[in-house]
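Participant: Read off the chains here:
Protein chains: 2
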Amino acid sequence: MTADKPTNNQACDENCSTCTTAQPHSVPKGLPLKAKIDVQHVILVLSGKGGVGKSTVSVNLAYALAGHGKQVGLLDLDFHGPNIPKMLGIEDQRPAVLANTLEPVHVTGNLAVISMAFLLPDTSTPVVWRGPMKMGAIQQFLAEVNWGSLDYLVVDLPPGTGDEALTIAQLAPNVRDAVIVTTPQDVAVMDAIKAAKFIGKLDLPVLGVIENMSGMSCPHCGKDISLFGEGGGKKAAEDLGVPYLGAIPLDPEMVKSGDEGRPYILRHADSPTWRAVDTVMKNLVAQIEAKPA
Amino acid sequence: MTADKPTNNQACDENCSTCTTAQPHSVPKGLPLKAKIDVQHVILVLSGKGGVGKSTVSVNLAYALAGHGKQVGLLDLDFHGPNIPKMLGIEDQRPAVLANTLEPVHVTGNLAVISMAFLLPDTSTPVVWRGPMKMGAIQQFLAEVNWGSLDYLVVDLPPGTGDEALTIAQLAPNVRDAVIVTTPQDVAVMDAIKAAKFIGKLDLPVLGVIENMSGMSCPHCGKDISLFGEGGGKKAAEDLGVPYLGAIPLDPEMVKSGDEGRPYILRHADSPTWRAVDTVMKNLVAQIEAKPA
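Sequences listed follow chains D and S, in order. Take any residue in the first sequence, count from 1 to its spot, add 642: that is its number in our numbering. Take any residue in the second sequence, count from 1 to its spot, add 642: that is its number in our numbering.
Errors might be hidden in some of the hints.
Since copy identity is lost for identical chains, a pair holds within one copy or between any two.
Subject to a maximum C-alpha distance of 20 Å in a straight line, what follows is the list of computed SDA-like cross-link-like pairs (lysine to any residue) [stated by the list, open to error]:
#	residue 1	residue 2
1	898	857
2	933	866
3	898	859
4	898	760
5	676	876
6	839	760
7	865	894
8	877	929
Hints are computed from structural coordinates only; laboratory data are not their basis.
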């Protein structure tokens, strides 16, 4: 392989600052170039375990930031279960293609969404892809989507610390931090700690831990039911030395809201669950906005 | 590249049955060789969405098959959230290495387990791997583990239809069928249908659909709570034309049992949840055993 060698007559002295052919090899070997997307702050939403509420948090966070007047993008990187369009009631929409770029689907004037779901013929087609194909798609979702100028890009990742998480961290510019979602269940907390350590390996700070599905009230007798236990998220945050952003209970109304495509935070219902979501999002947005621009 | 060409003087007429040098190119190009593992029947347990109870089903299925006197292996392929050892209370065990092969951890005389969790220094270390590294590990988990002669290998997959699912289907011999786990929630059912279509693309039959977290009884007033809805699993099975294996309710006792490392099926408690698990497992084992050897 000679692709990394200079092609003119100048001998390579490994000092790129004085080299006239520096451009092709000024990027560290093995690391891809950052994608061209105009975004100030990329926030990763991840968990270790699946089914803990990452997408719910991503959707509500994106709405909360947009509600502060920011230009927000929401990128659904769960290729195998791209559920954000369904949760927003826009699963039948298709992004327009204009001059070789894809128009994201706008759910409000300042909140735009891209998901693999928009590119599939129907909701039952599986995406049977290995890592390298996902990497190509992530590159396109960043560079070939007409996001405009974004203050924030909220990235909803699939469970785990595999190809999608590594690729977005490598390709997106200004990946600043991550939020970790868990349930109080031991196995979920164990995996959440792994996810936080992964973020540490990327030299990124963890904005905080959210405990989702944290107890519930019986809709009949009103008594508390400790379904997946309680307090695991808080303990994980303490052990990791990162902020604890609060707990969101399990509420059939919230589940229904996701299935019906109505983001829960928009309901402004005066219920304990709504107040919990509102508090967690305020805590999270405060952590995000406390960062220097 | 000439690796696929015959190296003697015989011209290749693309008829391998008459070719004296057929062996090196009798395997279709691009497909890896099957791993050397002595197993009669590999069963994949998958879902589309995470957190729906795949590992719970895998564990209970492995115990149910072992309870029928079969030699059973349980392979945890969720590299990023390998929770089966924790669910079995064996997370502190480490497989012995004997003559370059790994001894699986035996939980009963005829049930052996391998998981990435056994190979990590502690429960908080994340596995930050791209697809090709996972492929290498899966190869080792099949060929370099002293499984002995297995009747069944139950494979607990991570959510989705990516590298792990593709790799096990390619590398393991006698992959015969798959069971799909879902909750009744719309987004989970949508992803379960994708998982079933993926199994169809592999030309494998779906043994059936299990609906997990299907309603719950309030532990205080005893009334039914429809947490994630109901009936989604049954409808998915009908739409797919595959058997519906039954519903397992959400039960804090079952969650606790997983967190405490005690497989629920072993409890033999006379509770509605235990009876539901027992019925679903009986249905599933009947489907499995109905297959010709």
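Participant: Each hint: holds or not?
Facilitator: Now the hints, each set against the structure:
1. For the identical chains of this complex, residue 898 and residue 857 are neighbours both inside a copy (17 Å) and across copies (14 Å), given an alpha-carbon limit of 20 Å.
2. In this assembly of identical chains, residue 933 and residue 866 lie within 20 Å of each other by CA distance neither inside one copy nor across copies; the values are 37 Å within and 46 Å between.
3. In the homo-oligomer, the alpha carbons of residue 898 and residue 859 lie at most 20 Å apart both inside one protomer (16 Å) and across protomers (18 Å), since each shortest distance falls under that limit.
4. Taking identical chains as interchangeable, the C-alpha atoms of residue 898 and residue 760 are never at most 20 Å apart, the minima being 22 Å within one chain and 39 Å between chains.
5. For a Cα distance limit of 20 Å, the shortest separation of residue 676 from residue 876 qualifies neither inside one copy, at 35 Å, nor across copies, at 46 Å.
6. Only between protomers do residue 839 and residue 760 lie at most 20 Å apart by alpha-carbon distance; the minimum there is 18 Å, versus 32 Å within a single protomer.
7. In this homomeric assembly, residue 865 and residue 894 come within 20 Å of each other (Cα to Cα) both inside a single copy, at 15 Å, and across copies, at 14 Å.
8. In this homomeric assembly, residue 877 and residue 929 come within 20 Å of each other (Cα to Cα) only inside a single copy, at 19 Å, whereas the closest approach across copies is 43 Å.
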